[in-house]
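Participant: Sequence:
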Amino acid sequence: MTRKERVKMSLEHKQPDICAYNIGFTREPGLKTAKFLGLAPGEELGEKIGNHLLYVFPALKWEEVKPGFYKDAFGAVWNRSVDKDIGNVAHIQLEEPSDLDSYSFPELDSKELYLDLEAYAKKNKDKFVVALLGFSLFERAWILRGMENLLCDLITDGGFVEELLDRILAWDLNYIDNCVKYPIDAMEFGDDWGQQQGLLMGPKHWRKFIKPRIAKMYKKVHDAGKKVFIHSCGDVEELFPDLIEAGVDVFNPFQPEVYDIYKVKREFGKKLTFFGGMSTQKVLPFGKPKEVKAETLKLIREIGKDGGYIFAPAHATPKDVPLENIAAMLEVLREQ
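FYI, the working numbering numbers position 297 of the sequence shown as 297, with every residue one higher than the one before it.
Just to be clear, a hint being listed does not mean it is correct.
[As the list claims (entries may be wrong)] In silico DSSO-like cross-links for lysine-lysine, where the CA-CA straight-line distance does not exceed 30 Å:
1. K123 x K181
2. K293 x K8
3. K71 x K84
4. K282 x K48
5. K282 x K220
[Stated by the list, open to error] Just the calculated beta-carbon pair ranges, DEER-fashion:
6. G159 x K319: 36 to 46 Å
7. E238 x P289: 29 to 39 Å
8. E5 x D157: 46 to 56 Å
9. D223 x P289: 45 to 55 Å
10. G134 x S98: 53 to 63 Å
11. R266 x G198: 20 to 30 Å
12. A59 x M1: 30 to 40 Å
13. E28 x S104: 33 to 43 Å
14. E238 x E162: 35 to 45 Å
15. P318 x S110: 29 to 39 Å
16. K282 x A59: 44 to 54 Å
17. E112 x K84: 37 to 47 Å
18. K282 x G159: 42 to 52 Å
19. K204 x E148: 38 to 48 Å
Calculated from the structure, these hints are not laboratory results. Backbone N, C-alpha and C define an ideal beta-carbon position, used for all residues, glycine too.
With these hints in hand, go ahead and build the complete structure from the sequences.
Facilitator: Right, here's the structure in full:
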């Protein structure tokens, strides 16, 4: 079977020949793993390890405005002097709700933004191609407004929040329209709603402000014949029925530290495919290689039984994971 065929079969909740997998890395362990595997010039790490997914996205502008600080296409400046992968927002654009009146979202319709997306998708026909929209709704709102401000706005200024989210939604729908024209298989939306225990904003506000809008986004993806992935960190288990209703096909990151992943697979595994499952808070950073091997094997055999599962670390492999543990995980996956 090709990697694309394995993922499609798993999303149909059928057992592929081996468990599909996709290992992501933060910068430092990615470089260590590439060196360990002896990547040739121009060779990609995901291809070397046999990843089943290929992530593509429009080439929206980033620029370094001073050492360690990067401005994105939305005008947000990210301090990456400590966290070199994502960073922290250095300042917000919407100091006051009235600032939204003069704010402009990035232009999306230039064909030049999608050249790499089209080329990569055509070059990797054996992989399951996923167009990524990170910071898709709630996250984009708090990046623009500030987390504390936005959470207060949910209670004190719901009209402003509705207007802000509608502006973001309109931009997102345009983004989706443009991406689904290309030979992709799915779209993944990044939007963290959870913390280690429960939701950041509670279910009432999530259902009022978030659910109706993501349902429109997911419907547009389905109408184009593509699948919907959602990446939402933290404990959002109480939302799984809502996510199924809204049209989610694949849920990530499936964190064992916040869920009983075996119970969740039993309860929701006929309607959701789960993507993740390997502990990045305990097993990968602190386990022994033999424990990492045992956990990897258990996940692909038990969670992966009858499909509905893509193995992965619960988040991009962090820098505190020893190289020998990465090698142990990859050994099991590549010898299935």
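Participant: Work down the list of hints and note, for each, if the structure agrees.
Facilitator: Verification of the hints:
no. : hint                    : result
1   : K123 x K181             : holds (16 Å)
2   : K293 x K8               : holds (26 Å)
3   : K71 x K84               : holds (14 Å)
4   : K282 x K48              : holds (26 Å)
5   : K282 x K220             : violated (38 Å)
6   : G159 x K319: 36 to 46 Å : holds (43 Å)
7   : E238 x P289: 29 to 39 Å : holds (36 Å)
8   : E5 x D157: 46 to 56 Å   : holds (49 Å)
9   : D223 x P289: 45 to 55 Å : holds (46 Å)
10  : G134 x S98: 53 to 63 Å  : violated (27 Å)
11  : R266 x G198: 20 to 30 Å : holds (22 Å)
12  : A59 x M1: 30 to 40 Å    : holds (32 Å)
13  : E28 x S104: 33 to 43 Å  : holds (36 Å)
14  : E238 x E162: 35 to 45 Å : violated (23 Å)
15  : P318 x S110: 29 to 39 Å : holds (35 Å)
16  : K282 x A59: 44 to 54 Å  : violated (37 Å)
17  : E112 x K84: 37 to 47 Å  : violated (27 Å)
18  : K282 x G159: 42 to 52 Å : holds (43 Å)
19  : K204 x E148: 38 to 48 Å : violated (19 Å)
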